[in-house]
Amino acid sequence: MAERNAYVLNLGVTPYMEAWDLQRSLASAVSLGEIPDIVIFVEHPPVITTGRRTNEGEVHVPPGAEVDLVETDRGGKSTFHGPGQLVCYPIFDLNRHGRDVKKYCRDLEESVIQTLVAFELEATRIEGLTGVWLERPPRKICSIGVHISRWVTTHGYALNVDLDPAPFTDWITACGLEDAAFTTMARELGRPVAVNEVRDAAARALEEVFELRLEPFPADDRAAFTVQAGSAASA
Amino acid sequence: MATETAVDVVMPQMGVSVSEGTITKWLKSGGEEISADEPLLEISTDKVDTEVPSPATGTLQEILSQEGETVAVGTKIAVISPEGAPAAEAADVPEPATAQAAAESEDASGAEGETATAEPAQEAEPGPAETAEARPSPQPPPAGDGRGDKAFVSPVVGRIAAEHSVDVTQVEGTGRGGRVTKKDILAFIDSGGAKETPAPAQEPAPPEAHAKPAERAPEPATVQAATPAAPQAGETVEPMTPMRKGIAEHMRRSLDTAAHVTTTFEVDMARVVAAREKLKREFQEKHGVKLTYLPLIARATIDTIGDWPWMNAEVRGDSIVVKQYVNLGIAVALEGGKGLIVPVIKSTEGLNLLGLTRAIIAIADRARSKKLLPDDVQGGTFTITNPGGFGAIHGTPIISQPQVAILDVEALVKRPVVVTDDDGNDSIAIRPMMNLCLSYDHRLVDGAYAAQFMRDLRERLQTWDESAY
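Protein chains in written order, with the working numbering: chain E, 963 to 1197; chain Z, 20 to 488.
Don't take each hint at face value.
[As the list claims (entries may be wrong)] Derived DEER-like restraints, expressed as beta-carbon distance ranges:
1) E:T1131 / Z:G466: 50 to 56 angstroms
2) Z:G466 / E:R1166: 55 to 61 angstroms
3) E:G1060 / Z:E102: 32 to 38 angstroms
4) E:R1166 / Z:N371: 41 to 47 angstroms
5) E:R1166 / Z:D484: 54 to 60 angstroms
6) E:P1178 / Z:M259: 43 to 49 angstroms
7) E:E1082 / Z:S338: 45 to 51 angstroms
8) E:L973 / Z:G374: 25 to 31 angstroms
9) E:P1007 / Z:Q32: 36 to 42 angstroms
10) E:R1166 / Z:K305: 48 to 54 angstroms
11) Z:T311 / E:R1166: 52 to 58 angstroms
[As the list claims (entries may be wrong)] Going by beta-carbon spacing under 10 angstroms, a handful of chain E positions derived as facing chain Z:
12) S987
13) S993
14) K1065
15) T1092
16) I1106
[Stated by the list, open to error] Some chain E residues well away from chain Z (every beta-carbon gap over 12 angstroms; in silico):
17) I1075
18) E1150
19) R1161
No wet-lab data here; the hints were simulated from the structure. Here a beta-carbon is modelled for each residue, glycine too, at the ideal position from N, C-alpha and C.
Using the sequences provided together with the hints, build the complete structure.
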């Protein structure tokens, strides 16, 4: 099948709200056909985000912890983002990718599984528990939460590359899963892993799974969206 | 009858392998008007939340499946009576929907495109598919004032609250779902909300009246308790629309946040009138656009902002954030008194007069036809409101947060004014005069700064140089 052109945008470390504003702005543009599908890669400063289906008891941050709390419109329950985690927001028009939310989630998982293969980590899915897991014993390495409006996706996945996974269990009951274990690529590989190093593999996996050809988001187009980014950047 | 023409809303097919969906949130309540394609509800499948647009324009007559219910694809979940069809009486609206609406607050300006979620804490795991005769949910209506969420704050906010002995539930939250952000709590403390903060010396109020949170004006959310006021003889009662509630909340919050001061300048518009007369025909014939005074005044305002950057700024905690771009909000009244929306034209500093005219026309049209995208109402840095079209000659507008100023354009009227000729002789002349009223936030902008900004704006308009545009 022919590959479609799409953009990729590497934001580096960016506050959650700023990236979210940009996502929404880009989603409007994708929805209107002004730009093709686009993938955002980003790392966030420590933040706990809750989804539409988060229960209050899931969040139990100790007093004084330096972490923001944001309620989002994505699916799923609470999760934690922090530096050392590769966050990927594919803004795709699913009219071009099969109009099937379950297939989209499975495809996202597949792209993460392929990303991990590049690091010789064998990951898998667990039926009924969206996300990507390592097995024996099950430990979660990647969380997924998606929002769709007019078949255009926002939010996406967060892959634990190299960070302390304690907040997933100490600060929140991540994803509403009691007793779930969380892990990171660095922990599994027994060596430090840079987010940059994983990002390229992640981009290639998305190209493969979604039949895309990613090219950098052109500066001209990007200028049209710096308004939102800029307003939050000065925070 | 409405039923003859009613349009059914069904649980959409979200993929070949998807047989059911869970309703996570109704974005409209029974009796509310909705346009085709406007988001009506959110459903959840797997870890995906999806906004479902309305299939028709009309009134949301009935909600058949409540939040938290999981129903099979194709199940009828709501009924819309199309435009022109008689809408269901308010009494027909299922109770939970009404209560839910009361718990929602929607920013009128849509400044952040947020809707509060006051979902009852309940397990929303997909249950067995329910059939078309979906039973009403047994869930209790959420707390009417939507405050349940507020205790749910970040540790940073919690710590600040503890240090200043602030009751977080008394702070107006601007985060999603009305949550209290760090900025909110700092602003609250700065505004004297914290009990520890001494009242400013010049404050004339007696000590017991000083900004004690509990004594602040009742918030709209509280006014909107789930039980509607019972009508008394000679009264009619109708529920506030989410937009009305949003406006109420936003206006109240702005007055509670900014130190509003208004200054008024009289401007001799003779040159602007002449310039418009000249350009009007050209714009109409060459470009097909109608040139009003608004784009000319807006253009001069944007240029003047370039010299007075604090007019285009934001107070964020203890910081002054100056924007390098002017995202101009234009207040647009919706027809039939249905409310007010402030669409935003982005990066106006780069638009010439024609571009700005087109942008204003386009965005006002989109606002009136409800075609605004979320982006169209976000990120404003300065707002112009234009009640002069109705003949107003003075106003004290309320600032659209988190901006620091709003310019009120008043009516253009011929007035007798004293003019002085080159020899110093005074005479009375008839001149086209206009008042411009600027409300600004005295937390950031002092009177002299505002007056100099207005002086320069007046100068630009009085000496309108068309070659510059």
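Looking only at beta-carbon atoms, does the pair E:L973, Z:G374 fall within the given range of 25 to 31 angstroms? The hinted range 25 to 31 angstroms holds for E:L973 and Z:G374, with Cβ atoms some 30 angstroms apart.
Within 55 to 61 angstroms: is that where the Cβ-Cβ distance between Z:G466 and E:R1166 falls? holds (60 angstroms)
Exclusion check [E:I1075 not at the chain Z interface, CB over 12 angstroms]: The claim holds: E:I1075 sits with its nearest Cβ about 16 angstroms from chain Z, beyond 12 angstroms.
In terms of Cβ atoms, is chain Z entirely out of 12 angstroms range of E:R1161? holds (22 angstroms)
Taking 48 to 54 angstroms as the hint, is the beta-carbon distance of E:R1166 and Z:K305 inside that range? holds (51 angstroms)
Is 41 to 47 angstroms right for how far apart the beta carbons of E:R1166 and Z:N371 are? 44 angstroms Cβ-Cβ, so the 41 to 47 angstroms window holds.
Does the beta carbon distance between E:G1060 and Z:E102 stay inside 32 to 38 angstroms, or does it fall outside? holds (34 angstroms)
Does the hinted range 43 to 49 angstroms hold for E:P1178 and Z:M259 at CB? Distance hint for E:P1178, Z:M259 holds at roughly 48 angstroms.
Cβ separation of E:E1082 and Z:S338, checked against the hinted range 45 to 51 angstroms: holds (47 angstroms)
Per the hint of 36 to 42 angstroms, is the separation of the Cβ atoms of E:P1007 and Z:Q32 within bounds? Distance hint for E:P1007, Z:Q32 holds at roughly 39 angstroms.
Are E:S987 and chain Z close enough, Cβ to Cβ, to be under 10 angstroms, as the hint says? holds (5 angstroms)
Could you check the hint for me, namely that E:T1131 and Z:G466 are 50 to 56 angstroms apart, CB to CB? This hint holds: roughly 55 angstroms between Cβ atoms.
Every hint from the earlier list agrees with this structure, and none is contradicted.
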